[in-house]
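Since the structure of chain A is already known, use the hints to place chain B on it.
Protein chains in written order, with my numbering: chain A, 1 to 139; chain B, 1 to 419.
Keep in mind that the hints were calculated from the coordinates and are not lab data. Using N, Cα and C, we set each Cβ at its ideal position, and we do this for glycine too. Check the hints yourself; a few may be wrong.
As the list claims (entries may be wrong) - Computed list of chain B residues with no C-beta within reach of chain A, every gap over 10 Å:
#1 Phe86
#2 Asp148
#3 Gln177
#4 Val203
#5 Asn208
#6 Asp280
#7 Leu398
What the hints assert, rightly or not - Covered stretches of chain B, as calculated for chain A (at least 3 residues, CB under 8 Å):
#8 149-155
#9 165-175
#10 262-270
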Amino acid sequence: MPGDLPAPIVNADSAPYWEGARNGKLLLQRCRDCGTLRFFPRYLCTACGSDHTEWAEASGRGTVHSFTIVHRAALPEFQARTPYVVALIDLEEGPRMMTNIVGDDALDVALGEAVTMAFEERGTEGAMVPQFRRGAGDV
Amino acid sequence: MARTSEIDATAPKHLQDKYAIAGIGETTYARGSGRTTRALACWAISNAIKDAGMTPADIDGMLSYSGNDSTFSPVIAGDLGIRPNFFMDVHGGGSSTEALIGIAIGVIEAGMCSAVVVFRAMNGYSEVRIGGTGARSAVPVSGDALHDRAYGWQSAGQRFSLTFMRHMYDYGTTPEQVAHVKVAHSKHASNNPKAYYKKRYTVDDVVNSRFICKPLHLLDCCVETDNATAVIVTRADRAKDTPHRAPLIRSVVGRCCKPRPEVHYQHGPISTVAGHYAKDILWRNAGVGPEDIDITGSYDAFTFTAMLQLEDYGFCKKGEGGGYVSSGIIELGGKRPNNTAGGHLCEGYTHGMNMVIENVRQLRGEVDDSCPAGPDGRKRHTHDYREGGCRAVKDPELTCNMGWATPGIGSALVMRRGD
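Here chain A stands alone, though its shape is the one from the complex (with noise of 0.2 Å):
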């Protein structure tokens, strides 16, 4: 089913980070010159507006800073996964991203709790989205 979904089109921000997924690594970006670190992919550093940027792998750790659990689906591919959950994960290095809870517990997701990262499969040639698993498991 999740072939159905969305797979990434690439533009030229977000290149490197979909490749990072398709290799099984959540890459945020790190400023070279004042060293913050952003997500998601952008041109320029949102903290001093430097272009100077590194790549940098995050833990695939964090927790749940909130989430919905989606009924009614708008894409009408997503609405065969009815009910799902979106969230936003406070990521250990200082990021907040949007994800989707997975597995079979995804359901009785909470604020506060810790996550761990797993990838999900998008479209017919090895695409891979970074999605969240409840837990302080192994990444």
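Then chain B, alone, in the frame of chain A:
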């Protein structure tokens, strides 16, 4: 780069009360209008021109907003016989009404035109569904949308629910408390013959309705309807010629943003909304504070949006919005009723303009409820707010509208009773 706190957006004092809402116009609030947005716009604008005691030749400015789901001003101008000296059709939904009223003041003040009609025409049920289903869901998921829509995060309810859930976590706000917004607005709508939903609801009705996306139940969500609405902005001295006591504009804020509005949820406390920033402009320019306001019009795309804005504009302390909306204050007969026509939850969905129109009616003392009319044709309001009865507030002097686009973007408007 200037920080938000360093920007002085204080308006020149000479603009306070210098502009007025000279006329208001609506269509019916329906599902399946059977009309084009072009026809709906002409209908509402004609009503507004008539209400203002004007003719199309008196209107020389036009402003509209839409999400590519409406008809542009030059087309409507031709239909109605308006020759614009100025027009602009902008992209946007909620938070646009107040912002465009502010723009209207600006272009009149700049000498570009003299009377501006602001309109929103939409088939929000029968053509482009506001909930994000249908045509709106067909846009490809690419670019930055990979970080939100790729996770099934698209509709307004989904986009705002992360803020609602975090507010419950941070402040102990409960779904039952917030359900009182629907209870209040449904009471108001039951006294509004034009409202799409006139049925009164209880807290149990709301929290027992099915989930759309947690914490939003079906009855926490607004209605989708087909309609057009219009208001006419002109100088206060010119509005003295209208048949009504035209309300004056004390203060306006347009599309004030949280930091990094496009990804506001990635930064800072997400249980705080744009009103936190807008309030400093609104109250300073108005010369009054929330305690002076008689009626509020807090945007109710969802029960939670009304609550969050009332809190962040200072009608209660931060974190106490749940207690405020469940205290009876926001109901007719309470200290400061909110959305007395029923708002988006019950009357109809207009992207904010019907809430401004209702406050204009309240300030004019001309609420269109079921109260009997006297020999002069004017209603004799009973102020008996039982079902099917009156919805006029007694002698209101000041109203405050709070428009909502997202948690990160909001607009506001303070009006006072005309002289």
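Here is how each hint holds up against the structure:
Look at Phe86(B): its CB is around 35 Å from the nearest CB on chain A, clear of 10 Å, so calling it non-interface holds up. Against the 10 Å criterion, Asp148(B) falls within the reach of chain A, whose nearest CB is about 5 Å from its own CB. Look at Gln177(B): its CB is around 18 Å from the nearest CB on chain A, clear of 10 Å, so calling it non-interface holds up. Residue placement check: Val203(B) keeps its beta carbon more than 10 Å from all beta carbons of chain A (closest about 20 Å).
Distance check on Asn208(B): its Cβ is at least 14 Å (rounded) from any Cβ of chain A, clearing the 10 Å threshold; non-interface status holds. No beta-carbon of chain A is positioned within 10 Å of the beta-carbon of Asp280(B); the least distance is around 24 Å. Consistency note on Leu398(B): stated as away from chain A, and its beta-carbon is indeed over 10 Å from all of that chain's, at 35 Å minimum. Proximity of the region 149-155 of chain B to chain A, defined as three or more residues with a beta carbon under 8 Å from a beta carbon of that chain, is established by the 7 residues found.
Counting residues of the region 165-175 of chain B whose beta-carbon sits less than 8 Å from any beta-carbon of chain A gives 3, enough to reach three: the coverage restraint holds. Coverage of the region 262-270 of chain B by chain A holds. Counting CB-CB distances below 8 Å, 5 residues qualify, and the rule asks for three or more.
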